[in-house]
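These protein sequence lines map, in sequence, to chains A and B.
Residue numbers for the first sequence follow our numbering, so the first one is 1 and each next one is one higher.
Residue numbers for the second sequence follow our numbering, so the first one is 1 and each next one is one higher.
Just so you know, these hints were derived from the structure itself, not from any lab.
For each residue, glycine too, the CB sits at the ideal point set by N, CA and C.
Take these hints with a grain of salt, some might be off.
[Said to hold, decoys possible] Example chain A residues on the side facing chain B (calculated, C-beta under 10 Å, incomplete):
| hint | residue |
| --- | --- |
| 1 | 40 |
| 2 | 84 |
| 3 | 98 |
| 4 | 102 |
| 5 | 103 |
| 6 | 107 |
| 7 | 108 |
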Amino acid sequence: DTEVTQTPKHLVMGMTNKKSLKCEQHMGHRAMYWYKQKAKKPPELMFVYSYEKLSINESVPSRFSPECPNSSLLNLHLHALQPEDSALYLCASSQDGHWDQPQHFGDGTRLSIL
Amino acid sequence: SQQGEEDPQALSIQEGENATMNCSYKTSINNLQWYRQNSGRGLVHLILIRSNEREKHSGRLRVTLDTSKKSSSLLITASRAADTASYFCATGTTDSWGKLQFGAGTQVVVTP
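Please construct the entire structure, taking both the sequences and the accompanying hints into account.
As C-alpha cells, then:
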C-alpha cells in the first residue's frame, strides 16, 4: 500500500466538464507534487508546492489549476481539458522539497478525456 | 527536457538472472535516484546515491555512480518475476529545488 492516496483511480470526462483530482498524505511531508505521465514515458513535472505555497509551475496550461488547502492535501482542478490531456496523473510528496530527498508517489488517477 | 537517458530501453530475462541497466546524464548532479514502476501503479523509490558516493547496495540492488562519465548503473541480482517493471533514473541538483529530472526508463520483463 502506498502512503500517498489519490482519488479517484479512474476518471472519464468530457471536454466541457469540471472535475478535481485529490491527493492526501499523512507522512508530515511539506512538499507535494503533481506529475503527468503518458504511456511508456517518464513522469513530467507539472507543479510543486512547498509549505502550502506554489513554488514551481512548469508552464502548465491554465485549464489545470492546483490547490493546496493544507499540508496533507493537494488538489488538481480540471476544466475544459483537451483529448491530449488524457494521461496518468501522479501525486508525490517529499519531506520539504530538498533535492536530496526521495519522493513518495501515489498510484495515480488515470484520466480519459472524451 | 530529460536529463537522463537510459539503456537499454527494454530488457527481457529469465528468473534467477541478473539485470543491468544504465543511466547517463548531461549536467553536474548532487544525487541520482532510481525508481521502479509496476504496471498501472505509481513510482516506488529504490535507492538514492549522492555525487560523492561510488556504490550503494540495498538488498538485491546495487547502484554505481561514475560522475566523471556522468553515468550510473542499476544491477538487480537473482531477478524474480515480481521485478517485472519499468525502472527510471532521476537526477537532482542544488539549483533545481524540488525538481527531479527523469530518464526515459528501462522496461524489464522477468519470465519464470
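Now for the hints, and whether the structure bears them out:
no. : hint : in the structure
1   : 40   : 8 Å, holds
2   : 84   : 19 Å, violated
3   : 98   : 7 Å, holds
4   : 102  : 4 Å, holds
5   : 103  : 7 Å, holds
6   : 107  : 5 Å, holds
7   : 108  : 5 Å, holds
Violated hints amount to a single one, hint 2; each of the other numbered hints is respected by the structure.
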